[in-house]
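*Asks:* Sequence:
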Amino acid sequence: MPLGVPAAAAYKCSSNENPYPPLPSVISAIVEAAGSVNRYPDMACAELTSALAGRLGVPEEHVVLGPGSVAALQALVTAVAAPGDEVVHAWRSFEAYPIVTRVAGATPVPVPLLAGGRHDVDAMAAAVTDRTRLVLVCTPNNPTGPVVRTAELERLLDAVPDDVLVVVDEAYVEFVRDVEAADGLAAYRSRENVAVLRTFSKAYGLAGLRVGYGLVPEPVATAARKASVPFGVSSVAQAAALASLMHTDELADRVEALVAERGRVTTSLSEQGWALPDAHGNFVWFGLGDRTEQMADACAQAGLTVRAFAGEGVRVTVGEPEANDLLLTVAAPFVDD
181 MPLGVPAAAA YKCSSNENPY PPLPSVISAI VEAAGSVNRY PDMACAELTS
231 ALAGRLGVPE EHVVLGPGSV AALQALVTAV AAPGDEVVHA WRSFEAYPIV
281 TRVAGATPVP VPLLAGGRHD VDAMAAAVTD RTRLVLVCTP NNPTGPVVRT
331 AELERLLDAV PDDVLVVVDE AYVEFVRDVE AADGLAAYRS RENVAVLRTF
381 SKAYGLAGLR VGYGLVPEPV ATAARKASVP FGVSSVAQAA ALASLMHTDE
431 LADRVEALVA ERGRVTTSLS EQGWALPDAH GNFVWFGLGD RTEQMADACA
481 QAGLTVRAFA GEGVRVTVGE PEANDLLLTV AAPFVDD
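Just so you know, the sequence shown maps onto residues 181 to 517 in this note's numbering.
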């Protein structure tokens, strides 16, 4: 290989995927469902909707399915916002927020994070105007990792007008272990202007099948379903999600293993001298500024693909232990003196 050419990556830690394959029972459900892909899927996702509503104790009419929680988000934004409207969100946060906002013709209003990668809920509340239609809250925040705490979310909700929809994006909720973390589901139950987004892509390991959902109060839920792509969730994805819901105990064991591995990685990084944001997703964040590309290149040379945000930092998924060991080796020389 010529000098200066990065080695082929052996480990992909750039997309916050679950390193484990689906459970054998889920794979069996996928295989069985694949035999009928000549037929259109159930557009209403009736069986999965019923299963989710029963498990979470919510009305079926409030469940909005989509090919990934980002699709449910886009349906929400499309249903609620229009040209001339505004959508408030933290930044840096999930990259899709400004994109889906602009697709709807609305204007994204990014609010800088606090030190340590945390949402500045007071600044977000102050950014709300009479043009604001949605406020997006990512907890734990992607890509930095900290959660929004209960008191912070309540303070934000108290400050936001009742006719503004607050969307609590909990794509990584299964990995959260902070006892002070806000509970989006509880907020949704207690407020008529709160929606929650969740996904089967991360903890459930179904990223390649694309299935996520929102818990959305009426009448926004009905409008969001009308704004969704017809037949967006495939029959295979629906079958896999249903099978996953039937084996949550086994999946919980895998999540605990990833949480434990996250703890090993963050402890080791702390011992190296890193002062990183609190990691409550399945990833860690290095705020490297102008050294971002340098570390990303070093990771690639070591056989590790990571997600670099130019001039800001690097996000690395907690993957296989071997991948995490590579990260620890690469990260050590980048610790600030």
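You may find that some hints are simply not true.
For each label pair, taking beta carbons as the anchor points, the in silico distance ranges come out as [to be verified]:
{"#": "1", "residue 1": "Ala190", "residue 2": "Tyr220", "range": "34 to 42 Å"}
{"#": "2", "residue 1": "Gln481", "residue 2": "Arg444", "range": "32 to 40 Å"}
{"#": "3", "residue 1": "Ile279", "residue 2": "Ala190", "range": "29 to 37 Å"}
{"#": "4", "residue 1": "Asp338", "residue 2": "Gln481", "range": "23 to 31 Å"}
{"#": "5", "residue 1": "Gly215", "residue 2": "Ala307", "range": "49 to 57 Å"}
{"#": "6", "residue 1": "Glu473", "residue 2": "Pro201", "range": "26 to 34 Å"}
{"#": "7", "residue 1": "Pro341", "residue 2": "Tyr200", "range": "39 to 47 Å"}
{"#": "8", "residue 1": "Leu508", "residue 2": "Glu372", "range": "40 to 48 Å"}
{"#": "9", "residue 1": "Glu500", "residue 2": "Gly296", "range": "22 to 30 Å"}
{"#": "10", "residue 1": "Glu372", "residue 2": "Asp477", "range": "15 to 23 Å"}
{"#": "11", "residue 1": "Gln452", "residue 2": "Pro341", "range": "40 to 48 Å"}
Keeping only pairs whose Cα atoms sit at most 20 Å apart, straight-line, the calculated EDC-like set for lysine to aspartate or glutamate is [said to hold, decoys possible]:
{"#": "12", "residue 1": "Lys192", "residue 2": "Glu275"}
{"#": "13", "residue 1": "Lys192", "residue 2": "Glu473"}
{"#": "14", "residue 1": "Lys192", "residue 2": "Glu502"}
{"#": "15", "residue 1": "Lys406", "residue 2": "Asp222"}
{"#": "16", "residue 1": "Lys192", "residue 2": "Asp477"}
{"#": "17", "residue 1": "Lys406", "residue 2": "Glu275"}
{"#": "18", "residue 1": "Lys192", "residue 2": "Glu430"}
{"#": "19", "residue 1": "Lys406", "residue 2": "Asp300"}
{"#": "20", "residue 1": "Lys192", "residue 2": "Glu500"}
{"#": "21", "residue 1": "Lys406", "residue 2": "Glu227"}
{"#": "22", "residue 1": "Lys192", "residue 2": "Glu441"}
None of these hints come from the bench; they were simulated from the model. Note that beta-carbon positions come from the ideal geometry of N, C-alpha and C, so glycine has one too.
*Asks:* Decide, hint by hint, whether the structure agrees.
*Replies:* Evaluation of the provided hints:
{"no.": "1", "hint": "Ala190 to Tyr220: 34 to 42 Å", "in the structure": "holds, 39 Å"}
{"no.": "2", "hint": "Gln481 to Arg444: 32 to 40 Å", "in the structure": "violated, 23 Å"}
{"no.": "3", "hint": "Ile279 to Ala190: 29 to 37 Å", "in the structure": "holds, 31 Å"}
{"no.": "4", "hint": "Asp338 to Gln481: 23 to 31 Å", "in the structure": "violated, 49 Å"}
{"no.": "5", "hint": "Gly215 to Ala307: 49 to 57 Å", "in the structure": "holds, 51 Å"}
{"no.": "6", "hint": "Glu473 to Pro201: 26 to 34 Å", "in the structure": "holds, 32 Å"}
{"no.": "7", "hint": "Pro341 to Tyr200: 39 to 47 Å", "in the structure": "holds, 43 Å"}
{"no.": "8", "hint": "Leu508 to Glu372: 40 to 48 Å", "in the structure": "holds, 47 Å"}
{"no.": "9", "hint": "Glu500 to Gly296: 22 to 30 Å", "in the structure": "holds, 28 Å"}
{"no.": "10", "hint": "Glu372 to Asp477: 15 to 23 Å", "in the structure": "violated, 49 Å"}
{"no.": "11", "hint": "Gln452 to Pro341: 40 to 48 Å", "in the structure": "holds, 46 Å"}
{"no.": "12", "hint": "Lys192 to Glu275", "in the structure": "holds, 19 Å"}
{"no.": "13", "hint": "Lys192 to Glu473", "in the structure": "holds, 17 Å"}
{"no.": "14", "hint": "Lys192 to Glu502", "in the structure": "holds, 12 Å"}
{"no.": "15", "hint": "Lys406 to Asp222", "in the structure": "holds, 15 Å"}
{"no.": "16", "hint": "Lys192 to Asp477", "in the structure": "holds, 14 Å"}
{"no.": "17", "hint": "Lys406 to Glu275", "in the structure": "violated, 24 Å"}
{"no.": "18", "hint": "Lys192 to Glu430", "in the structure": "violated, 24 Å"}
{"no.": "19", "hint": "Lys406 to Asp300", "in the structure": "violated, 33 Å"}
{"no.": "20", "hint": "Lys192 to Glu500", "in the structure": "holds, 10 Å"}
{"no.": "21", "hint": "Lys406 to Glu227", "in the structure": "holds, 19 Å"}
{"no.": "22", "hint": "Lys192 to Glu441", "in the structure": "holds, 16 Å"}
Checked against the numbered hints above, the structure breaks hints 2, 4, 10, 17, 18 and 19 and satisfies the rest.
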